[in-house]
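Given chain F, work out where chains U and A should sit, using these hints.
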Amino acid sequence: MSELVFYLLAAITVLCALGVITRPNPVHSALFLVMTLFMLAVFYIILEAHLVAALQIIVYAGAVMVLFLFVITLLNLKGDPDEPAHPLLRIVAYAVAATLAAGVAIVLMGDAGVVPGGAGAGAVLAEGFGGTRALARILFTDYLVAFELTSVLLLVAVVGAVVLAQREPVAEAPLTETGEDA
Amino acid sequence: MQAFLDTLLGDAAGLERQLGYLAGMVVFGAVVVFGFVLPFAGIVTWAERRIWARIQSRVGPNRVGPFGFLQWLADGVKNILKEDIIPTVADRPLFRFAPYVVMVGFVGAFVCVPFSGDLIIADLNIGILYITAVTSLVVVGILMAGWSSNNRWSLLGGIRAATQIISYEIPASLAIFPAVLLSGTLSMQGIIGEQGAAPWQWHMFHSPFTLLGFGLFFTAALAEGNRTPFDLAEAESELVAGFATEYSGMRSTLFFMAEWGNLYVIGALVTTLYLGGWQVPQFTYNPVLMNLAQVGVFMGKSLACVFFMIWLRATLPRVRVDQLMAMCWKYMVPLAMLSVLGTATMMVALPNGSHTLRMATFAVVVGVVIRFAFKVRFHLKRARKLDYTSLSPGASQGLSS
Amino acid sequence: MNPLPLNLLPPGADYAAVMPLLWAFAAAVLVLIAEMFWPYRSRRGVGWLTIAALLAIAVLGRAPSEAVYFGPIALDGFSGWCNGLLCLVAALSVLMSLDTLEVNGVTRGEYYPLLLFAVAGGMVMAAATDLVVMFLGLETMSMAVYVLAGMGKARRRSNEASLKYFLLGAFASAFMLYGIALLYSQAGSTDLAAMAGLAGEGGTSAVTRLGAALLLVGFGFKIAAVPFHLWAPDVYEGAPSPVTAFMATVVKAAAFAALLRSVLLAMPWVAGELQTPLWVAAAATMTVGNLAALRQRSLKRMLAFSSVAHTGYLAMAVVAGTSEAAAALLFYLAAYAAMNLGAFAVMMLLADRGRPAENISDLAGLGRARPLAALAMTVCMLSLTGIPPLGGFVAKVSLFGAVLDAGFYTLVVVAVLNSVLSAAYYLGVIRAMYFDDADSVAAGGASAASRVLPSRPALTVSILLAALAVVLIGLSPSPLLGSSLRALASVAGF
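Protein chains in written order, with the numbering used here: chain F, 1 to 182; chain U, 1001 to 1401; chain A, 2001 to 2494.
Certain hints may be false.
Here are some chain A residues pointing at chain F (derived, C-beta under 8 Å) [as the list claims (entries may be wrong)]:
1) PHE2025
2) ILE2073
3) PHE2117
4) GLU2139
5) ALA2213
6) VAL2217
7) SER2323
Simulated DEER-style distance windows between Cβ atoms [as the list claims (entries may be wrong)]:
8) GLY1029(U) / LEU4(F): 51 to 61 Å
9) MET2019(A) / PHE1307(U): 49 to 59 Å
10) LEU1081(U) / ILE12(F): 31 to 41 Å
If the Cβ cut is set under 10 Å, some of the chain F residues that face chain U in the computed set are [as the list claims (entries may be wrong)]:
11) ASN25
12) ILE58
13) PHE70
14) GLY130
Please keep in mind that the hints were generated in silico from the structure rather than gathered at the bench.
Ideal Cβ positions, reconstructed from N, Cα and C, are used throughout, including at glycine.
Extracted from the complex, chain F is given alone in its bound form (with noise of 0.2 Å):
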């Protein structure tokens, strides 16, 4: 029952990641993108990781694809405008790509334990597990390390995105444009 549930989920994850991939129209991919990071919530339910869930739809399908849907939807961006790739390179990059996939997938396939009904399936799970009290214990003491380090990263990309997007001010002495396609 719970597998066909996973099955199916799976199906519709995949379907939408390629989606993602092969719409033409920016727009639709990056909302077939909201999809697909939506269904990895619900993966994320299933699994009985109710918060990370929830902060999962928040951060990324509320707020982080909500900044790429502005980005492409001021833009108003009609599909692909370059010239479209060489085909026999089209074939390449398909084949290389496929082949990939296929690889990752044979290999993750192969190895019991990592498909569902491996040799993780019958784990019983702690009392509270996936609620916040459990994250938090271990988010404070054994990632305490890493969760700082995270909030450093944040610092710095907030400084970079200020850097990068705020308009100069009048320099005292105007910049000349130089090193232009010498």
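Just chains U and A now, kept in the frame of chain F:
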């Protein structure tokens, strides 16, 4: 909910019991959605028009039914029967799909609304975060609607709405935390359980910091709901009807239902987090009576919030975009941080809370409210003395004296 | 409701282990705030503050005699050594940039704090004993460098470099994370200590190998190894020159340090299980780098490809997988940083507002115009080629020797042939400086000899310092070599 179902299910076990729970939730969910949420959204439109009219010295809709109460039904029937127009240049699948995404985001929030101690569809252990997560889907729907209409006003309206929602999500989420910190849980029932029936036992009055958190949450929630004074997404004079410009008939009704129904969600959240939820004194041991009283108290508090929002809409002018953003990022986010940190500090400094501080905060708020009430009464009295019909352009002295 | 324990520290945690990192992050934040209030006219003061901070961290970041741990952060001989290298090299690159930021189009003072953040991220990479923490350090460093590469905001090339580096870097991060996730699925932990146990009876599982391979792909992007080097020339060329110098030395050193600790030392089975692909990648990297460098007219691009070639030499240590090779790798990193910084510094000496002077032909006549700078450049070029008695020579000898000892004869032969090949373009630079007639090269009279070069005292000092370091490392390599050996010996379980 679970306890109530337990009595119904008797001694069924295993899968049957799980299915029983599921069925109970689905039935209750359907009752909530169709019996309460959807009519409520309609009734609020009527109530809003009546209240505005009263505030602006007009009459308002009073033709359909007693006091015009059935106006919302008439409007609803009209909207549903209207032709559903899809512009030829629109992105059809997205255009059709967008209202449903918005509706899902809005209706989904009701899963965690605690109407009483037992009446909640599902008391998730991440309750408040779940609501934040589900309502954040609304943004996606709004952007979809705005973009797929292929209309400049729609796109701008959608982008404005989305900017506003994701910006104000930050102070709103931060302002949730004082209440969560005090309760030590994210579950809606858990948060209410930590508060008392008496007003000074509410989280709102725990300390000045939580009072600040209450104010910030209410304001940010208003902005997230695209309500006046933050309804720039549908500034009629600038953007026609914002992201809903191209929508007609049933689909546009869905948008408006989500918007008005959202008022109740905001009211319920504020009530749960800061206003003590359904807490009533234990006056009887009859669970039915208890639950009824709790539902009454919860409804009373959240509808008071809804009334307050309608009042605000009738009173305040719309802010500008730059004011909106500056207010969020320059004032509300830092203040929300202060509120969270202050509450945490208070909890460390006074692990058992301070009754004096609670009473002092409560007293200050009561004082402000009484002062405000007197002021309002004074102005109402003075206004009544004036006979507006006799006012001529030259006789406006009476107003300023 | 039982409250969380207030003591959140992992057992056996010692604050001494994270102090260098805390100092580094504190310095970055301090400089960030100081920069905001610093008068615009004397912005250079922020640079001096940065240099002082870096030197202080280099001293404070030294390892105690006994390794200390704070959860997944280790302060042992290895991370202490890397702290010193990263901070000193970064300090030298800041010294170089004091005079040249504006010429290169960098007008914003956030350059310094971002650079400090990058160094701090690199220090985390060298100190992390957990793959997740290592990855976070890598991202902190990369995020800062993505922005640094785009600091020449008015230049399209710089914007392009930043975007290209960011997109490909994000791509590489995805590979790396996938690899870490697969390794986690096998080891049940991201701790490096658990990784060594992955090789059980009859080798490793296929998933483990796949995970390690993906992890190496991620590293391959960061160190610009073939076939993941394609971003390097464009990014190196487009980024402002001081940033390029920083990327070619500090970023590369940090990436190799992390590679050393988390793959070479923690997963000793990698060298055996993935020998053939690593071997091919190392050989291809040096060959492609050298062949491409031969054809370049732009000095900056040439140095970029030369950096790819040197990645190839360095990658041989990963193929060999012995502790001698690892020690030689550390030594090589130090020597390479010195000579590469010197070369970039001389190039920056020629740059002028409105004239980047990034071509080899721009060097014509430098031997007469600026004999000292030309001499320094000669030293650096000879050292990059591997001519005795300079630092590059000793580095190559020790590295090639260690790889020979591990039994990779063919690989060393390829490397030696490549070194000979590289002489062609390194010596080409020297020829341009001394023997090319300045007037015949550039009719416009724009070559070094015919221009009045602006006086750049800090840059001149840094050129001399770099050249001096190259010579010193070559003449008396034993202190540095010894310290790198001791650094490796201190890593637990190796």
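For each hint, the structure was consulted:
Taking 8 Å as the C-beta contact cut-off toward chain F, the hint placing PHE2025(A) at the interface holds, the least distance being around 6 Å. This hint holds: ILE2073(A) has a C-beta 6 Å from the nearest C-beta of chain F, less than the 8 Å allowed. At about 5 Å, the closest approach between the beta carbon of PHE2117(A) and any beta carbon in chain F falls short of 8 Å, and the interface hint on this residue holds. Against a cut-off of 8 Å between C-beta atoms, the interface hint on GLU2139(A) holds, since the closest Cβ of chain F lies about 6 Å away.
Checking ALA2213(A) against chain F by beta carbon gives a least distance of about 10 Å; that is not within 8 Å, so the hint is violated. Interface restraint check: VAL2217(A) against chain F, minimum CB-CB distance 11 Å, threshold 8 Å, status violated. Restraint check, SER2323(A) versus chain F: the minimum CB separation of about 27 Å is more than 8 Å; hint violated. Checked against the given bound of 51 to 61 Å, the beta carbons of GLY1029(U) and LEU4(F), roughly 24 Å apart, lie outside it.
In this structure, MET2019(A) and PHE1307(U) meet the distance hint of 49 to 59 Å, their C-beta atoms being roughly 57 Å apart. With their beta carbons about 35 Å apart, LEU1081(U) and ILE12(F) fall inside the hinted range of 31 to 41 Å. With a least beta-carbon distance of about 8 Å to chain U, the hint placing ASN25(F) at the interface is held under the 10 Å criterion. At a threshold of 10 Å, the smallest CB-CB gap from ILE58(F) to chain U is about 5 Å, leaving the interface hint in force.
Among the interface hints, the one on PHE70(F) holds; its C-beta lies about 6 Å from the nearest C-beta in chain U, closer than the 10 Å criterion. This hint holds: GLY130(F) has a C-beta 9 Å from the nearest C-beta of chain U, less than the 10 Å allowed.
When held up to the earlier numbered hints, the structure conflicts with 5, 6, 7 and 8 and fits the remainder.
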